[in-house]
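In order, the protein sequence lines correspond to chains A and B. Residue 9 is where the first sequence starts when you use the numbering used here, and the numbers rise one by one after that. Residue 46 is where the second sequence starts when you use the numbering used here, and the numbers rise one by one after that.
Keep in mind the hints are simulated off the structure, nothing from the lab. Owing to the predicted nature of the structure, the values given are computational and were not obtained by experimental measurement. No residue lacks a Cβ here, since even glycine has one placed at the ideal position from N, Cα and C. A couple of the hints might just be wrong.
To be verified - When the alpha-carbon atoms are kept at most 20 angstroms apart in a straight line, the in silico SDA-like pairs for lysine to any residue are as follows:
| hint | chain 1 | residue 1 | chain 2 | residue 2 |
| --- | --- | --- | --- | --- |
| 1 | A | LYS137 | B | ARG373 |
| 2 | B | LYS377 | A | GLU250 |
| 3 | A | LYS137 | B | ASN367 |
| 4 | A | LYS114 | B | ASN367 |
| 5 | B | LYS300 | A | CYS253 |
| 6 | A | LYS137 | B | GLY247 |
| 7 | A | LYS41 | B | PRO95 |
| 8 | B | LYS377 | A | ARG266 |
| 9 | A | LYS267 | B | LYS377 |
| 10 | A | LYS267 | B | GLY97 |
| 11 | A | LYS267 | B | GLY364 |
| 12 | B | LYS300 | A | LYS267 |
| 13 | A | LYS137 | B | ASP100 |
As the list claims (entries may be wrong) - Example chain A residues on the side facing chain B (calculated, C-beta under 8 angstroms, incomplete):
| hint | residue |
| --- | --- |
| 14 | TYR32 |
| 15 | ASN45 |
| 16 | MET140 |
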Amino acid sequence: MVTSLVTSGLLLAVTTVAGQAPAYRAPRTPDGKPNFNGIWQAMNTANWDVEPHAAGPSLVRELGAIAAVPGGLGIVEGGEIPYRPEALAKKKENQANRLKLDPEIKCYLPGVPRAMYMPSPFQIIQGQKHIMIVHEFAGAVRTIYMENHTEAPADSWMGWSNGHWEGESLVIDTKGFNDLSWFDRAGNFHSDELHVVERIRARSPETLSYEATIEDPKVFTRPWKISMPLYRRVEPNAQLMEFRCVEFVEDLIYGHLRKQPSK
Amino acid sequence: MNRRILAWVDVLALVIAVVSLAVIPGKAQTRSASARANNIPKPYAPPRTPDGQPDLQGFWTNSTYTPLERPRNVTKEFYTPAEAAEAEKKAAARESELTTPGTVADVHYDFSQFGLDKSQATLARNLRTSLIVNPENGRLPPLSAEGQKRAAERAEIAKRVGRWDSAESNQLDDRCLIMAGAGPPMLNAAYNANYQIVQAPGYVMILTEMIHDVRVIPLDGRPAPHRNVRQWMGVSRGRWDGNTLVVETTNFNGKNPLEGSSENMRVTERFTRVASDTIQYTFTVEDPSTWTRAWTAEMPMRTTQGPLFEHACHEGNYGLYNTLVGARLEEKKAAEAAKSK
Chain A
9 MVTSLVTSGL
19 LLAVTTVAGQ
29 APAYRAPRTP
39 DGKPNFNGIW
49 QAMNTANWDV
59 EPHAAGPSLV
69 RELGAIAAVP
79 GGLGIVEGGE
89 IPYRPEALAK
99 KKENQANRLK
109 LDPEIKCYLP
119 GVPRAMYMPS
129 PFQIIQGQKH
139 IMIVHEFAGA
149 VRTIYMENHT
159 EAPADSWMGW
169 SNGHWEGESL
179 VIDTKGFNDL
189 SWFDRAGNFH
199 SDELHVVERI
209 RARSPETLSY
219 EATIEDPKVF
229 TRPWKISMPL
239 YRRVEPNAQL
249 MEFRCVEFVE
259 DLIYGHLRKQ
269 PSK
Chain B
46 MNRRILAWVD
56 VLALVIAVVS
66 LAVIPGKAQT
76 RSASARANNI
86 PKPYAPPRTP
96 DGQPDLQGFW
106 TNSTYTPLER
116 PRNVTKEFYT
126 PAEAAEAEKK
136 AAARESELTT
146 PGTVADVHYD
156 FSQFGLDKSQ
166 ATLARNLRTS
176 LIVNPENGRL
186 PPLSAEGQKR
196 AAERAEIAKR
206 VGRWDSAESN
216 QLDDRCLIMA
226 GAGPPMLNAA
236 YNANYQIVQA
246 PGYVMILTEM
256 IHDVRVIPLD
266 GRPAPHRNVR
276 QWMGVSRGRW
286 DGNTLVVETT
296 NFNGKNPLEG
306 SSENMRVTER
316 FTRVASDTIQ
326 YTFTVEDPST
336 WTRAWTAEMP
346 MRTTQGPLFE
356 HACHEGNYGL
366 YNTLVGARLE
376 EKKAAEAAKS
386 K
């Protein structure tokens with residue numbers, strides 16, 4: 009199966025313009041669309057900080073090197089997020105209080121685009137009317153509506169996604185977010201006016217190119233872009249594992265409300 | 046070929062067509078008569094996905110007033126349509142009693158709100174008096190010796206630990222951990238009993254609206270993982286048996302909300318699209334650590350209008366927080382009252 013995908017991928021590779029790198033043409037689904045079915049994962053440190061950053065110590069003394077921040081070159085085009093001045097102040101406040109405020113710590117739904125570069129896999133299940141993106145983290149899930157596009161019926165953590173094909177690319181337009189999710193563990197944030205346009209295309213049989221344009225006039229001075237490759241999980245029988253993290257955070261969130269033994 | 050022969054061919058074709066028309070209805074009649082005699086429903090050919098799987102895709106509900114177990118005072122397997130309507134009316138009335146002002150349910154939920162009262166949304170109606178079809182009495186089989194022991198242990202813990210003592214001692218649904226609709230087996234949620242099915246080559250995905258629980262079921266015949274891999278919803282493996290999706294689930298962690306089931310449970314589900322608007326859903330539960338024998342239940346899933354909404358249960362769980370705060374306040378009040386005596 010993998011061999012045949014590789015072979016067909018190589019055969020389908022075409023050169024767009026003489027002299028340029030060949031643009032990869034994805035294998036097709038039975039109904040003729042680029043086939044992104046599979047389990048994918050980012051391999052970068054964007055979930056720690058989407059902006060370029062050096063390594064840093066753990067927030068939790070006892071965890072030592074385990075929870076220390078690995079350095080990363082960042083996924084933001086141009087390096088820095090164009091915050092409005094007051095929003096940058098809020099980002100810094102978020103960052104300073106991240107042990108208390110990061111929604112990931114509380115096992116809250118990660119939002120978009122954060123879900124795409126969390127350090128756990130997601131699976132694309134490509135139906136004809138609906139494309140599902142199922143994330144291992146907190147069992148977060150997105151339905152990409154490929155027809156009957158509508159406005160978001162209500163604000164939500166994962167937003168409301170309408171998709172369409174542009175040649176080799178799946179283009180996903182997502183709005184209808186609440187203002188509660190973050191972009192990373194560094195306190196980068198957005199408002200409920202967040203608008204994310206993602207473009208996903210295959211770059212080889214086992215990798216995808218992912219880019220997203222992020223717009224939020226309440227928080228940023230202009231739209232900005234992130235981009236990164238996504239890697240296929242090629243292990244035999246790879247599957248998403250259950251990560252029902254609500255159970256793991258109950259003591260953290262509700263522990264102070266536990267009944268005390270009577271004296 | 047000359048014109049005359051062509052004309053002959055035309056006549057012959059016409060004769061064949063007329064004869065066929067005369068014969069086919071007769072044949073169909075014979076077939077349906079024997080089918081009726083053997084109680085075989087007319088076979089339905091489900092649509093196919095582009096990769097050739099029977100197509101189960103779309104939005105479905107298994108919302109029902111039919112109880113899992115047959116009520117004690119009912120002895121037959123099926124109601125008449127009139128009796129079923131009556132049973133539904135009674136169940137709906139019991140549900141609306143929850144709106145009685147001042148009751149706990151009334152404080153937390155307004156059952157006149159759309160969808161909370163089942164009768165307001167799509168119902169997957171069914172003439173059965175219980176979802177359980179085997180044992181024939183429509184009730185769960187007796188607990189096995191181990192099942193009795195485990196039930197006694199749970200009862201013992203319940204004596205020592207109060208429901209409001211901590212988040213962990215609360216019910217799974219109040220903790221936003223898992224609800225019965227997620228399964229497997231996928232039982233009937235009290236509200237929002239909605240599902241979305243999407244298929245891709247090699248996979249069937251079932252999204253449960255309640256707590257956005259997702260099942261991604263591989264169809265490639267891979268084995269279940271090592272026994273140390275234990276999950277709330279187990280690990281599911283699927284295959285097509287004709288037009289029926291068969292899903293076997295093992296590797297449970299013993300905390301699945303099904304009726305005190307254990308980690309040794311094995312669930313076999315069968316999904317068959319029997320009409321454009323109906324999937325027949327049947328499941329068999331084998332769990333010798335809980336029951337003396339396997340049992341089987343059956344229910345329809347009906348098409349419903351999408352979409353599913355994001356049910357961010359944990360993220361908005363003020364209910365659990367408030368009940369714990371309330372319980373601690375009550376204790377404090379009681380302690381102060383005891384002191385002042």
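Structure-based check of all given hints:
| no. | hint | in the structure |
| --- | --- | --- |
| 1 | LYS137/A x ARG373/B | 50 angstroms, violated |
| 2 | LYS377/B x GLU250/A | 39 angstroms, violated |
| 3 | LYS137/A x ASN367/B | 41 angstroms, violated |
| 4 | LYS114/A x ASN367/B | 17 angstroms, holds |
| 5 | LYS300/B x CYS253/A | 14 angstroms, holds |
| 6 | LYS137/A x GLY247/B | 17 angstroms, holds |
| 7 | LYS41/A x PRO95/B | 11 angstroms, holds |
| 8 | LYS377/B x ARG266/A | 13 angstroms, holds |
| 9 | LYS267/A x LYS377/B | 10 angstroms, holds |
| 10 | LYS267/A x GLY97/B | 56 angstroms, violated |
| 11 | LYS267/A x GLY364/B | 17 angstroms, holds |
| 12 | LYS300/B x LYS267/A | 23 angstroms, violated |
| 13 | LYS137/A x ASP100/B | 12 angstroms, holds |
| 14 | TYR32 | 20 angstroms, violated |
| 15 | ASN45 | 5 angstroms, holds |
| 16 | MET140 | 5 angstroms, holds |
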